[in-house]
Amino acid sequence: MRGGMMLEISVQKMLSNFALDAAFASDSGITALFGRSGSGKTTLVNAIAGLARPDQGAITVNGECLFDGARGIDLPVERRRVGYVFQEGRLFPHLTVRENLRYGYDLARPQDRYVEIGKVIELLGLEALLGRRPGNLSGGEKQRVAIGRALLSSPRLLLMDEPLAALDQSRKREVLRYIARLHEEISVPIVYVSHVVEEVVQLAETVVLMAAGRVVTSGSVSEVMGRADLRAQGIDFEGGTVIDAKVVAHDLEYDLATLEFSGGRLTVPGIEALIGEAVRVRIRARDIALALTRPADISVLNILAGQVIDVKPEQEARAVVHVKVGETVLSSRITRFSAERLALAPGCEVYLLIKAVSLN
Amino acid sequence: MALTPDEWEIIRLSLKVAFWGVLCSIPLAIAVAYLLARHDFPGRSLFDAFVHLPLVLPPVVVGYFLLLLLGRRGPLGAMLDEYFGIVVAFRWTGAAIAAGIMGFPLMVRAIRLSIESIDIGLEAAARTLGAGRWRVFFTVTLPLMLPGLFTGVLLSFARSLGEFGATITFVSNIPDETRTLPLAIFAQTQVPGGDAEALRLSLLAVVLSMAALVCSEWLVRRAQRHARGHDA
Numbered sequence: 195m196r197g198g199m200m201l202e203i204s205v206q207k208m209l210s211n212f213a214l215d216a217a218f219a220s221d222s223g224i225t226a227l228f229g230r231s232g233s234g235k236t237t238l239v240n241a242i243a244g245l246a247r248p249d250q251g252a253i254t255v256n257g258e259c260l261f262d263g264a265r266g267i268d269l270p271v272e273r274r275r276v277g278y279v280f281q282e283g284r285l286f287p288h289l290t291v292r293e294n295l296r297y298g299y300d301l302a303r304p305q306d307r308y309v310e311i312g313k314v315i316e317l318l319g320l321e322a323l324l325g326r327r328p329g330n331l332s333g334g335e336k337q338r339v340a341i342g343r344a345l346l347s348s349p350r351l352l353l354m355d356e357p358l359a360a361l362d363q364s365r366k367r368e369v370l371r372y373i374a375r376l377h378e379e380i381s382v383p384i385v386y387v388s389h390v391v392e393e394v395v396q397l398a399e400t401v402v403l404m405a406a407g408r409v410v411t412s413g414s415v416s417e418v419m420g421r422a423d424l425r426a427q428g429i430d431f432e433g434g435t436v437i438d439a440k441v442v443a444h445d446l447e448y449d450l451a452t453l454e455f456s457g458g459r460l461t462v463p464g465i466e467a468l469i470g471e472a473v474r475v476r477i478r479a480r481d482i483a484l485a486l487t488r489p490a491d492i493s494v495l496n497i498l499a500g501q502v503i504d505v506k507p508e509q510e511a512r513a514v515v516h517v518k519v520g521e522t523v524l525s526s527r528i529t530r531f532s533a534e535r536l537a538l539a540p541g542c543e544v545y546l547l548i549k550a551v552s553l554n
Numbered sequence: 014m015a016l017t018p019d020e021w022e023i024i025r026l027s028l029k030v031a032f033w034g035v036l037c038s039i040p041l042a043i044a045v046a047y048l049l050a051r052h053d054f055p056g057r058s059l060f061d062a063f064v065h066l067p068l069v070l071p072p073v074v075v076g077y078f079l080l081l082l083l084g085r086r087g088p089l090g091a092m093l094d095e096y097f098g099i100v101v102a103f104r105w106t107g108a109a110i111a112a113g114i115m116g117f118p119l120m121v122r123a124i125r126l127s128i129e130s131i132d133i134g135l136e137a138a139a140r141t142l143g144a145g146r147w148r149v150f151f152t153v154t155l156p157l158m159l160p161g162l163f164t165g166v167l168l169s170f171a172r173s174l175g176e177f178g179a180t181i182t183f184v185s186n187i188p189d190e191t192r193t194l195p196l197a198i199f200a201q202t203q204v205p206g207g208d209a210e211a212l213r214l215s216l217l218a219v220v221l222s223m224a225a226l227v228c229s230e231w232l233v234r235r236a237q238r239h240a241r242g243h244d245a
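Just so you know, the sequences run in chain order P and G.
As numbered in the numbering used here, residues 195 to 554 make up the first sequence, in order.
As numbered in the numbering used here, residues 14 to 245 make up the second sequence, in order.
Misleading hints may appear alongside valid ones.
Only part of the chain G face toward chain P is listed, based on derived beta-carbon distances under 10 Å [unchecked claim]:
id	residue
1	R140
2	R148
3	V204
Residues of chain P placed beyond 10 Å of chain G at every Cβ, according to the derived structure [claimed, not checked]:
id	residue
4	R274
5	R480
6	A490
7	S493
8	A513
9	K518
None of these hints come from the bench; they were simulated from the model.
The structure displayed is predicted, hence computed values, not measured ones.
The beta carbon of each residue, even a glycine, is placed where N, CA and C say it ideally should be.
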């Protein structure tokens, strides 16, 4: 691998309804481009793939320049080695699953290939589908084949544009797990576009938050998701805390799971992960209530003890309180009125009340 | 009701003329259809109208233009004769050219419709997988437009088999050279006592056309299933 970041991008493009002007760099395994639909995410990944031509800017992958407006470099799509998993799969309808998988594999130079067909078939569970044609596959199966097909072209970078958007809830989970697994087994960098917080929280290491064609902020998933100040900037985004936890117990009768993290234990509803498996949970700031004494006879299942770090009043009625629980800092959004009534100040001992049903 | 050697010769010639006329126009028809379906250029609607001319002009006019252009003394005809020794006037090759041109707009229309129905996202996907433009055309676009291509080939083949006006004007009605089925029927109606033979030949034309229709309908249905991506 040559020097430089995995991905460096700076792109300007006039679109019909807004101007895309975005720049970011990422060195992580999975980078999420996160934002509402129409924020320019798809145009940005299309520019990386070469399917949309920026007016100005530069795009570099692993130190190799794919596009540079100033130097007149614009590598054609087929020579970029950037894989693309589209929202609608876009499998070739006239070819079988096996032929779809082989399409990019056969075109890749042998010395560039880093993954074999058998491995991908096994990873994505495609064995039973090989002889079939895309018209008869379910949505989840189509996306798995599309991911396999892109991967087998041995790309330097894999783009995924809302790959779960067309799937129902249970298929979403299934494909999400396949993506996570694939990333563990084959270390191809992925740029994952989504407007769904849960997907981003589960998969991403770095998050690039976009709004109206601009990068609002970027950083690690817990940093970006923890930004409680974005609402004040007029961005419709509910800040929260992302917690890395481990499954320690399942209660099958009530379909609850117990998770352990550095600040204690959390009870959450139905998680499809095995005991010992690592999961991420996002707790929205507005879902955490605060109390000065430990309440009894209350339906809330998760009560954690912590210490107030600071209290930040926001515009209008709200305030954000950061509370340290063990090694983790959680943010809670309450009214300014409550914050003053409870006389919350740095150092206060408080109890955090988190309804289990608000998680996941 | 066995066919006479003369009748066999007429059928053989008709099929030969239609076959070569259609075969040679396929690549050009695909190129023109692709251009019209996918590209916007100045003069596009004028070009579109020009391609459709044989459909609306009296066939005799097309035949006459061909004679002016490709006849022995015509600018193109003289050149072909001088440099390549090729003469098409009053030859079966000329009949094939006339047949191909008269069927051309039908073929272009059918192919263009099927190109327009192809999701260009599939072509973009193929390029991200490392395929250059030509490879994308031959591995994605062409297979997906096969139903339209088959329809177009059938329509223009049927049109070619029935070609009369342009053919007789351009290459005349020469037995064993340019006398295809419609011209033979016409010739029989012009001689006393030729009615019975004209009827036999007409029935033959019906059989031929039916066979072509059934055959291509089957091909189109197969190709459509294929292009839609269902298991065979």
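Outcome of the hint check:
About 4 Å separates the beta-carbon of G/R140 from the nearest beta-carbon of chain P, less than 10 Å, and the hint is met. Here the hint on G/R148 is kept, as its CB sits about 8 Å from the closest CB of chain P, short of 10 Å. Here the hint on G/V204 is broken, as its CB sits about 53 Å from the closest CB of chain P, past 10 Å. A beta-carbon of chain G comes within 10 Å of the beta-carbon of P/R274; the shortest separation is about 8 Å.
With a minimum CB-CB distance of about 39 Å to chain G, P/R480 clears the 10 Å threshold, and the non-interface call stands. Non-interface call for P/A490 relative to chain G: holds, since the shortest CB-CB distance, roughly 59 Å, exceeds 10 Å. Even its closest Cβ contact with chain G, about 49 Å, leaves P/S493 beyond 10 Å, as expected for a residue assigned away from the interface. Residue placement check: P/A513 keeps its beta carbon more than 10 Å from all beta carbons of chain G (closest about 48 Å).
The beta carbon of P/K518 sits about 46 Å from the closest Cβ of chain G, which is more than 10 Å, so the claim that it is off the interface holds.
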